[in-house]
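Please put together the full structure from these sequences, using the hints given.
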Amino acid sequence: MIVFYSLTSATPNIRKISMMLNETGLPYRVNDIHGQGSEKFTDDFMAISPNGTVPAILDEENGAVLFESGAILHYLAEKSGSLLPANIKDRSEVMKWLMFEVSNMGPTMGEIFHYMVQTSEEIGDIHMQRYKDKVAQFCAILDRQLNDREYLCGEYSIADIALYPWHVVLEDLAEVNLSDYPNLNDWANRISKRPAAAAKFP
Numbered sequence: 219m220i221v222f223y224s225l226t227s228a229t230p231n232i233r234k235i236s237m238m239l240n241e242t243g244l245p246y247r248v249n250d251i252h253g254q255g256s257e258k259f260t261d262d263f264m265a266i267s268p269n270g271t272v273p274a275i276l277d278e279e280n281g282a283v284l285f286e287s288g289a290i291l292h293y294l295a296e297k298s299g300s301l302l303p304a305n306i307k308d309r310s311e312v313m314k315w316l317m318f319e320v321s322n323m324g325p326t327m328g329e330i331f332h333y334m335v336q337t338s339e340e341i342g343d344i345h346m347q348r349y350k351d352k353v354a355q356f357c358a359i360l361d362r363q364l365n366d367r368e369y370l371c372g373e374y375s376i377a378d379i380a381l382y383p384w385h386v387v388l389e390d391l392a393e394v395n396l397s398d399y400p401n402l403n404d405w406a407n408r409i410s411k412r413p414a415a416a417a418k419f420p
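My numbering applies: residue 219 is where the sequence shown begins, and numbers increase by one.
In short, the hints are calculated from the structure, not lab data. What you are looking at is a predicted structure, and each value in this text was computed from that prediction instead of being measured. Heads up, a few of these hints could be off.
[Said to hold, decoys possible] Label pairs and their computed distance ranges (CB to CB):
id	residue 1	residue 2	range
1	Gln355	Asp261	39 to 45 Å
2	Met264	Glu393	21 to 27 Å
3	Met334	Arg412	24 to 30 Å
4	Asp261	Ile344	38 to 44 Å
5	Ser310	Asp262	25 to 31 Å
6	Ile359	Asp262	38 to 44 Å
7	Asp262	Ala416	29 to 35 Å
8	Lys411	Asp351	29 to 35 Å
9	Asn403	Ile306	27 to 33 Å
10	Ala414	Glu286	34 to 40 Å
11	Ile344	Arg412	36 to 42 Å
[Claimed, not checked] DSBU-like mimics (lysine-lysine), calculated; alpha carbons at most 35 Å apart, straight line:
id	residue 1	residue 2
12	Lys307	Lys297
13	Lys314	Lys297
14	Lys352	Lys418
15	Lys350	Lys314
16	Lys350	Lys418
17	Lys411	Lys352
18	Lys307	Lys352
19	Lys418	Lys314
20	Lys352	Lys297
21	Lys314	Lys411
22	Lys307	Lys350
Don't be surprised by glycine CBs; every beta carbon is placed ideally from N, CA and C.
Given below as structure tokens:
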């Protein structure tokens, strides 16, 4: 059984893991730390997630503990034998785009999300516009990658799962004009019809 440490609200990083668990069919239960206040920073939870954030998982079958959404996606793909190719060339392609999310889209959208949703702290317009411009650049890269394929690496994979939850909030948070990226929109529409993406959180 996978213990999925989460929050009541489905942030994009949490949504990735929810989608992955539902795609793989691995048995899991949700440990919702929302509203636990300082209790969420108990020694037990900090042993699971040293930075005190979610998502995180505990695999009760073998004792594996993971935090960071990219690492969790990779682990669940390995455990389930799905959504990650066995062939090293195809596998490296998936990992490349997973790292694109982890290193580029995720952190940049995370900064926008933080300043627009999570805090009243202000950030200068120049800095915010820089984040939004970078997101537009990332969208253009993804749109080109999807020009001749249904999913980022041909077959549906953890790379798609990692990036899809950010697409859902692109327009509202980053003020991205989605009509500028037709291939990206078609990709997102395909994913949205998958049962795991359409499933009610968690």
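Verification of the supplied hints:
1. As the Cβ distance of Gln355 to Asp261 is approximately 42 Å, the hint placing it in 39 to 45 Å holds.
2. The beta-carbon spacing between Met264 and Glu393, approximately 36 Å, falls outside the hinted interval of 21 to 27 Å.
3. Checking the proposed 24 to 30 Å range against Met334 and Arg412 shows it holds: the Cβ atoms sit about 28 Å from each other.
4. The supplied range of 38 to 44 Å is met by Asp261 and Ile344, whose beta-carbon atoms lie about 42 Å from each other.
5. Judged by the Cβ atoms, the range 25 to 31 Å given for Ser310 and Asp262 is violated: they are separated by roughly 36 Å.
6. In this structure the supplied range 38 to 44 Å holds for Ile359 paired with Asp262, their Cβ-Cβ distance being about 41 Å.
7. Hint check: Asp262 to Ala416, Cβ distance near 34 Å, so the stated range 29 to 35 Å holds.
8. Between Lys411 and Asp351 the CB atoms are about 31 Å apart, so this pair conforms to the stated range of 29 to 35 Å.
9. Here the CB-CB span from Asn403 to Ile306 is close to 32 Å, well matched to the stated 27 to 33 Å.
10. Between Ala414 and Glu286 the beta carbon distance is about 21 Å. The supplied range of 34 to 40 Å is therefore violated.
11. Distance hint check: the CB atoms of Ile344 and Arg412 are about 39 Å apart, consistent with the given range 36 to 42 Å.
12. Only pairs whose Cα atoms come within 35 Å are accepted, and Lys307 paired with Lys297 is accepted, the gap being roughly 20 Å.
13. For the suggested pair Lys314 and Lys297, the alpha carbons sit about 20 Å apart, so the restraint of at most 35 Å is met.
14. For the suggested pair Lys352 and Lys418, the alpha carbons sit about 31 Å apart, so the restraint of at most 35 Å is met.
15. Under the criterion of a C-alpha separation no larger than 35 Å, the hint pairing Lys350 with Lys314 is consistent with the structure, at around 23 Å.
16. A hinted pair counts as satisfied when its Cα atoms are at most 35 Å apart, and Lys350 with Lys418 qualifies at roughly 29 Å.
17. Between Lys411 and Lys352, the direct Cα distance comes to roughly 28 Å. Compliance with the 35 Å bound is thereby established for this hinted pair.
18. About 28 Å separates the Cα atoms of Lys307 and Lys352, which keeps this hinted pair within 35 Å; it holds.
19. Straight-line distance between C-alpha atoms of Lys418 and Lys314 comes to about 29 Å, which keeps the hinted pair within the 35 Å bound.
20. Distance check on the hinted pair: Lys352 and Lys297 sit about 34 Å apart at the alpha-carbon level, within 35 Å; holds.
21. A C-alpha spacing of about 25 Å is found between Lys314 and Lys411, which places the hinted pair at or below 35 Å, so the restraint holds.
22. This hinted pair checks out: Lys307 and Lys350 have alpha carbons roughly 33 Å apart, not beyond 35 Å.
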